[in-house]
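Going line by line, the protein sequences match chains A, B, C, D, E and F.
Every position in the first sequence, counted from 1, becomes a number in this note's numbering once 346 is added.
Every position in the second sequence, counted from 1, becomes a number in this note's numbering once 346 is added.
Every position in the third sequence, counted from 1, becomes a number in this note's numbering once 346 is added.
Every position in the fourth sequence, counted from 1, becomes a number in this note's numbering once 346 is added.
Every position in the fifth sequence, counted from 1, becomes a number in this note's numbering once 346 is added.
Every position in the sixth sequence, counted from 1, becomes a number in this note's numbering once 346 is added.
Because the hints were derived from the structure by calculation, they are not lab data.
Incorrect hints may have been included.
Identical copies go unnamed one by one, so any copy, or any two together, can satisfy a pair.
Unchecked claim - In silico DSBU-like links for lysine-lysine, alpha-carbon gap of 30 Å or less: (1) K551 - K461; (2) K548 - K461; (3) K548 - K373; (4) K449 - K551; (5) K373 - K551; (6) K551 - K371.
Quantities reported herein were computed from a predicted structural model and do not represent experimental measurements.
Number of protein chains: 6
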Amino acid sequence: MLSPQSRRHFLPYQTSPQIADLPDKDKAVVILPIASVEQHGPHLPVYTDSLIVQEVLDRALARLPEEFPVWVLPLLAYGKSNEHSAFAGTITLTSETLIRVLKEIGGSVARSGFKRLVILNGHGGNTEIADFVIRDIREQTGLLVFALHVYLRVAPPSAGLTEDEQVYGIHAGDVETSILLCCHPELVRRELAPASIPAHLKTFKHPPFMGPLTFAWLTPDITANGVLGDATVANAEKGERYLSDAATQIAELLRDIADFSFA
Amino acid sequence: MLSPQSRRHFLPYQTSPQIADLPDKDKAVVILPIASVEQHGPHLPVYTDSLIVQEVLDRALARLPEEFPVWVLPLLAYGKSNEHSAFAGTITLTSETLIRVLKEIGGSVARSGFKRLVILNGHGGNTEIADFVIRDIREQTGLLVFALHVYLRVAPPSAGLTEDEQVYGIHAGDVETSILLCCHPELVRRELAPASIPAHLKTFKHPPFMGPLTFAWLTPDITANGVLGDATVANAEKGERYLSDAATQIAELLRDIADFSFA
Amino acid sequence: MLSPQSRRHFLPYQTSPQIADLPDKDKAVVILPIASVEQHGPHLPVYTDSLIVQEVLDRALARLPEEFPVWVLPLLAYGKSNEHSAFAGTITLTSETLIRVLKEIGGSVARSGFKRLVILNGHGGNTEIADFVIRDIREQTGLLVFALHVYLRVAPPSAGLTEDEQVYGIHAGDVETSILLCCHPELVRRELAPASIPAHLKTFKHPPFMGPLTFAWLTPDITANGVLGDATVANAEKGERYLSDAATQIAELLRDIADFSFA
Amino acid sequence: MLSPQSRRHFLPYQTSPQIADLPDKDKAVVILPIASVEQHGPHLPVYTDSLIVQEVLDRALARLPEEFPVWVLPLLAYGKSNEHSAFAGTITLTSETLIRVLKEIGGSVARSGFKRLVILNGHGGNTEIADFVIRDIREQTGLLVFALHVYLRVAPPSAGLTEDEQVYGIHAGDVETSILLCCHPELVRRELAPASIPAHLKTFKHPPFMGPLTFAWLTPDITANGVLGDATVANAEKGERYLSDAATQIAELLRDIADFSFA
Amino acid sequence: MLSPQSRRHFLPYQTSPQIADLPDKDKAVVILPIASVEQHGPHLPVYTDSLIVQEVLDRALARLPEEFPVWVLPLLAYGKSNEHSAFAGTITLTSETLIRVLKEIGGSVARSGFKRLVILNGHGGNTEIADFVIRDIREQTGLLVFALHVYLRVAPPSAGLTEDEQVYGIHAGDVETSILLCCHPELVRRELAPASIPAHLKTFKHPPFMGPLTFAWLTPDITANGVLGDATVANAEKGERYLSDAATQIAELLRDIADFSFA
Amino acid sequence: MLSPQSRRHFLPYQTSPQIADLPDKDKAVVILPIASVEQHGPHLPVYTDSLIVQEVLDRALARLPEEFPVWVLPLLAYGKSNEHSAFAGTITLTSETLIRVLKEIGGSVARSGFKRLVILNGHGGNTEIADFVIRDIREQTGLLVFALHVYLRVAPPSAGLTEDEQVYGIHAGDVETSILLCCHPELVRRELAPASIPAHLKTFKHPPFMGPLTFAWLTPDITANGVLGDATVANAEKGERYLSDAATQIAELLRDIADFSFA
């Protein structure tokens, strides 16, 4: 959840007439955070994506001027995580249901008189749906709609990841573990953190997740323990840096969104 | 959000292997809190139902032994609130979508090896859907499924409500305002709290909400300011009592649920 | 089926121009009876709910003035009966389909120029769907929409049921058997009527169906023969009284509905 | 409604154990009558199709041996009548909903242990849906499923219709009016019966409804009063003949269905 | 694919402004060819229906004046073929999906400013859906919509089919094999062409496909090799005649469609 | 359409038994080409994406050994093009329908005994749906499923595009126009080819389509003539190079797919 200083931006803390009469409503940016409840290996909580998106958002808000017109909706923790459904603790919506939920929230935001909506996504498995559904929401409501994916912001090339981690470290590896160690160390079972880049992945002709070949995978296809990446090298300092970088970028993008115009 | 001492019961703080191997899984009670984001008059935040369900749950957990096997899922703040969709700040799912979301969460809970699921509902408009969908979830998963409606627990006949409030005070009146004054006074715009029992309601032959005649209403049909009840008489002491009573009841029912058996 | 004197109220016996030009159309009450085709134990036909709702309606119409503007639609015998789907003779719609059917009938009633629609429901398993779908119909059509549940009217506290029957007698017990003995004795296999309050139900901490704990059940969870209640004490005289009471109440409520107004 | 002698074939009058244990269940034919509630011009009730399908079925049953294993389900009066939705009194389901209803009833019939299901259809607008959905039901349940369209049986070439009536008389004309005059004369407003073959239809290059060109029409496209055919020449004697012919054919086909086998 | 001289009628070869400004748009006929990818026995390709509908269309276009305003959409090769889904190479949509696809294409055609749409269908299993969905498209868009079934045009009574072939030859028999031998002989494995009228079909009381009894069948119910008809008597000359007859008829009907009017 | 030498890979030209018994079925790659029918400015046909995907595929097949086990399904020309629905000639499916179509084709491919499916996509608006639906297909069928986007292969950084074109040239600009000039010059209205990078796009803080900010756009939001890019600099030579590069890459990826394995 939001830190005390960010709560002023939590839309549901406002009354209905306040929301109706918000100043600067044409510029105001409504943020819908979405994430997941899904397995993150033996060492991270299933809430990892949700914690990260909230932490990044909280920090991004702290970087904006107090009067910046940004309004945060409640986290939609339930996402599309069917790749992980073989693992306990994964709570997943189907694609079709997630699409419906996002469209209906979009419709409600438009009815409330806002003009700009951002889906701030913390889970890779939601990416494509967020990316296409924003067009459908725009078509149906006229809203300006944006998708921002937190995990694309947390460890830029400059972040010092090993080459392997850049290629294979997509789930519960260095990045996510470091972030959790930074902001929720009490939830990390560090002693169980694996270095898990299954050998067969390295035999792939193409790097598996960002190369030229997009293939469908379910988690058990590629890793027995649910982890892809080296969680043993994680530490809180890296996490702080990842979070800080991401927050800075997101804050900047929120400013851009408030100013965005097609005309 | 859950208080520190209750967080031990927040399921998503566990890792996937922990969830797979939880002790006492046959007894363990998984709780899905659901509520709403919807107008609550000029004086209460649109998050009122969500705040109340979380507060009651937090207090109920505090009344259970530490080792009691209860696991809380993230709040589904988005409910069915189409009665309020004419008011800014109302974010509503359609009936069909809410049904899908609940069924799919139920399916995921079953896949995670649990046997008992409670939908803990804080919003009147979700009531019927929660009440019938639990059967569909049981049919599809074999889970034992329960529905508990927080607002039915917060102000029992003994609560000292005026007669009018008992009959008409269903939304943002004495009960909800008192509770918010107790647990989130900073979110209440007390100076705007209305006494709002529209005169025409009293001309109804039958009491409108719990009498023998069930009629469909949208909020603008019955109240211009979105409030039904007398919020001016609310105070934190009453709120404390309402919450306390509800928490005690819910805690008791959770014990019963852990022991429930058809055989 | 409606008795001869009630047929004047059967809407489908009218021609389209007659329906277009009905007098008093703002007051006119359109009734959609819904019920079920589902197992009712070894002694009652699977049509029991349908027979009861039609009998009560017929008697209610007889209590209204001839010129009272009430129009009955054909019975939707097919309801949501998945609790009984393990028993032969149960014909059930899914929740999703029943919702669609009710909404589309509501849309058609509105297009025909009516202003008031009552879903008159004879089956417990349809209750929640009728209760929430009326709001959705109102939202989509502007109709005034009402839900009346016949089984809530047939045996009020004053009806002289045993205490056990009041608590456990929800399906094919004294009430339903008595009513069938009264109006369709030829369809009752009285010699097979059981007294069936499974012992384990009495071990429940809370009374199972109307107590504070709402749990999902499928019929095989709670009774092997499909009956809940004591059908052996049923008789036609009681049935007559139950029906008569219910008809009187329904007639009264129909008058109220014709006069109902939000303004 | 079924006549007294036919009621022995009404499935819902049986108890669940009786249905489970019906003799000759492999041969037994379950009939689902479907029809419509839709405008039938100024002289016929909107229930016309429903009345006809029930009358024909009743007469067909009377032509079968008492012990013939045929079981009738409740009429689904609500069909797909969107061609008539511009006229008051038309109650229509969408295509999608009718498909769902038929499939779910089919599923329930299979679960009850039957092997043969007939959709006995009384409304032209349901024809195609009945004709294709039987395959989907067979695919999903393994039932033998059949579609019989009553209106294709009621006035064979030998029936003595005028040539115009054979071509244009598809709705509320000689055939339907004669049948209603025979079996429900009290519901016919004979003085308003039109001869209604709109002149423009005769200018069509192809006969409009059974010629080589299948075009989509909504009723207002082709007739202002909702009638296609000459209702002025109708009389009860013809109706008797039409009904009798149809009943004989349907009875014969039901025998064939009981004997039907792929092997 | 369309032959070079027909390509001028292929709508997608036009630019968007050309389509916006087409002359004679009120008369212009848009054709959506639909067919199947489904087993056609051991001797014909699974694309048979698709090839035939394209060949007939190509020939029909050749019979129309160059300036005739007809515009062909891309073939929808994927149809409803669940009767054949037990055979490799069958690619089938569900009924529900095919309905959606057709409605959405219809909506797009209307948005493009056309007034007339023909579904030109080459597969028996699509027939009913095409026949009813045209009404739904008309209702939703106001388009004039038509369904033409190619296979009803390719071998009229005068075509010289044997009596058996007329009755049983519905799939991969003389007609389809002859046509393929005419237009795509390289795709026919003539040496494997069976004479396949399973003996048990002849024991049916009624001719199975066009008699008075409509029964649901899946292909394995009636033929082991997937063929119904005598493919051994097929030859290219017959195919030429069938195609030629069909093309002439379709061309004529397209003229009629361009002139069709309800007024 | 496929060129003669590629037709040996067109799956629907095979018979059902051939498909059942194809050699090397574990390796065999089934390709489903999908594209669009949508406006491509004043100079390119609405079939542009469909033409390109087919041309690239045809050329890729030519680069593979004759015996390479690759099987092409019919093009699904209808895609998700709602961004262009304001322009005539755009035929679009909804997201929900495209998802269903892809899943059902995937199910059919699996039922036919194949193990590998590639969605070969030629339209940007289909990208996200293809990318997530492959996982759902894998989950439901066990197939290995891949998504390849042709337009990501046709003009790599080395292609010599201007910087502006790399950033803004996403629709009907240099790349697509050059390709059409190469393979279908007769369909290009070169004299109308615009240079269309609307000035306001250059005022955007971030490059609009591949920068850090993903925003929803409908075509009229960003360009009046439907073009984004400079089509005036297109020529056939470039088109040849783009096609050749893409074909080489796709051929290589198809080899990789045939060899792909998780184990």
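Status of each hint after checking the structure:
{"no.": "1", "hint": "K551 - K461", "in the structure": "between (46 Å within a copy, 19 Å between copies)"}
{"no.": "2", "hint": "K548 - K461", "in the structure": "between (46 Å within a copy, 23 Å between copies)"}
{"no.": "3", "hint": "K548 - K373", "in the structure": "between (47 Å within a copy, 21 Å between copies)"}
{"no.": "4", "hint": "K449 - K551", "in the structure": "between (39 Å within a copy, 27 Å between copies)"}
{"no.": "5", "hint": "K373 - K551", "in the structure": "between (47 Å within a copy, 16 Å between copies)"}
{"no.": "6", "hint": "K551 - K371", "in the structure": "between (51 Å within a copy, 21 Å between copies)"}
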